[in-house]
Amino acid sequence: MARYGMALDYKNCINCKACEVACKEENGVLMGADKHRIWVGVNEIEGEYPLLDIVSNSFQPSQCQHCEDAPCQSVCPTNATYYDGNGVVRVNSDMCILCSYCMNACPYDARYVDDRTMTVDKCNFCSDTRLDRGETTTACQNTCPTKVRTFGDLDDYDSEISELLRTREHFSLKENLGTKPKLFYLT
Amino acid sequence: MSIKEFVTSIPVNKVGLKDLLGFEKTPRNMLIAVLTVAFIAMFVVGVAIYLANGHHAYNVTREHPWGLLIAVYIFFVVSSTGLCIIGSLGDVFGFKDYMLISKRAIFGSIVTIIAGFAVIAFEIGHPVTMLIYNVLTPGLTSAIWWMGTLYGLYLTFMIIEFVFLLKGDMAKAKIFGLTGLLVGLAAHSNLGSVFGFLNARPISNGVFYPTYFILTAFITGVFIAFIIMGFRYKLDFPEKVRTMLTGLAKIQALLISILIFFVTWKMLTDIYGGMPNRAEVAVHILGS
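Chains as they are written, first to last, in the working numbering: chain A, 1 to 187; chain B, 1 to 288.
Just chain A, with the same shape it has in the complex (with noise of 0.2 Å):
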């Protein structure tokens, strides 16, 4: 069994939303649902043309942060939430009730409601498409122009986000929570 996470070399992000449009493609997300599964955060860009502050101008590709301590899944009444063998964070749509406190437990808002299932649904690095089929890359890894994005074991020395993370500087978001998240934002 893995224990899989992403590196995100963030600051590499064009916001060209790629990522977006791949994961809505390989997992079904309906057209018009803005943000859900994944998304890109902007730092709107600062001061008036010309005199325009072009560092201020920031992406921050987001989604499901996969924490090893997910409050979504303490919260769960039923158990709907679960990690997986993979130590993914799961959602059983069978077994969701839709009472939304995860929704509202998760501190990265990352779930949303999916209106073909009418349950709470969220990022699953491509557990049940691309990972079940046999690939090794999530949708928006596949797809991303800049690399921005690695996906892997961090149980594997060898595999490439460990090495990344031996090797370069990162962060993850709203460490303070204690939630351990599994994407790493490299600086």
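Everything labelled a hint here was simulated from the structure, so no lab data went into it. The structure displayed is predicted, hence computed values, not measured ones. There may be inaccurate statements among the hints.
Stated by the list, open to error - If you want the ones that stay clear, here's a sample from chain A, every Cβ over 10 Å from chain B, calculated:
#, residue
1, Met-1
2, Met-31
3, Gly-32
4, Glu-44
5, Ile-45
6, Val-75
7, Thr-119
8, Thr-143
9, Glu-175
Claimed, not checked - Each computed DMTMM-like pair below joins lysine to aspartate or glutamate, with the alpha-carbon atoms no more than 20 Å apart:
#, chain 1, residue 1, chain 2, residue 2
10, A, Lys-180, A, Asp-9
11, A, Lys-174, B, Glu-280
12, A, Lys-24, A, Glu-169
13, A, Lys-24, A, Asp-128
14, A, Lys-174, B, Glu-63
15, A, Lys-174, A, Asp-84
16, A, Lys-35, B, Glu-63
17, A, Lys-180, A, Asp-84
18, A, Lys-35, A, Glu-25
All residues carry an ideal CB built from backbone N, CA and C; glycine is no exception.
With chain A's structure known, arrange chain B on it following the hints.
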């Protein structure tokens, strides 16, 4: 005594639809009748809109997933817990002055908790799935699971207590009343902890909501007791009732003072220092 004998020995008047509609047609009774029909009609319309449009009917969003129905549910369960506390003053704790409201208050607590369940059944997206998986795969770390389970137990104890009150068996009513009260307080503070456990929301995280919910339950219970007794005696109270209501009013003054003190400090500590996610929300609450 067999269960059948036990049930048939409960002293109740059989009330048919004819008796229900044959009430005295005074303006006061008519007002209550019209209000009751209007509320039931609104409930039916609400259910119809929900069945036609699904969860979208509630205008809840991803950023704000809990809306009006959660507030209505909380109103009903707060009322129920409050009435249970008021009912317990007499038949559990033995304050003789409050004995005369016990039966009405416990009946009220049963009615309001059932009303709360009726509301939450339509707020939860899949209530049948909830009934199944709450039992099959219980989420023991979830405050919602504890709240729901304890409220179910609470309703059971309240009904048993009410039956013994009807039968005049005060010793058994006291045992089930005390158990029901403790389970009810546990359930209600668990409802507070649904918010209190949210580490992601600094405005609600902490001990405030579990204790605040118990305090406001007591206050709501006293107000509903006033309404019940005011309606029963048409504001022309006998001496015994007057003594009880005066006692309740004094308790209410103390409770509201504590609430004012409590909420003032909650708001001040929320705003002080301008902590992100906490101060803005507090200012928004004050300005809304």
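How the hints compare with the structure:
1. Met-1: Non-interface label stands for A:Met-1: nearest chain B Cβ at 22 Å, farther than 10 Å.
2. Met-31: holds, 16 Å
3. Gly-32: Label holds. Min Cβ-Cβ 13 Å, cutoff 10 Å.
4. Glu-44: The assertion about A:Glu-44 holds, with a minimum of 19 Å to chain B.
5. Ile-45: holds, 23 Å
6. Val-75: violated, 5 Å
7. Thr-119: violated, 7 Å
8. Thr-143: holds, 24 Å
9. Glu-175: holds, 13 Å
10. A:Lys-180 with A:Asp-9: Holds: A:Lys-180 and A:Asp-9 sit about 19 Å apart, inside 20 Å.
11. A:Lys-174 with B:Glu-280: Distance of about 18 Å is within 20 Å: holds.
12. A:Lys-24 with A:Glu-169: violated, 31 Å
13. A:Lys-24 with A:Asp-128: holds, 14 Å
14. A:Lys-174 with B:Glu-63: OK: A:Lys-174 and B:Glu-63 at ~18 Å, within 20 Å.
15. A:Lys-174 with A:Asp-84: violated, 23 Å
16. A:Lys-35 with B:Glu-63: holds, 11 Å
17. A:Lys-180 with A:Asp-84: holds, 16 Å
18. A:Lys-35 with A:Glu-25: Holds - the C-alpha atoms of A:Glu-25 and A:Lys-35 are around 14 Å apart, at most 20 Å.
Checked against the numbered hints listed earlier, the structure breaks hints 6, 7, 12 and 15; every other hint is satisfied.
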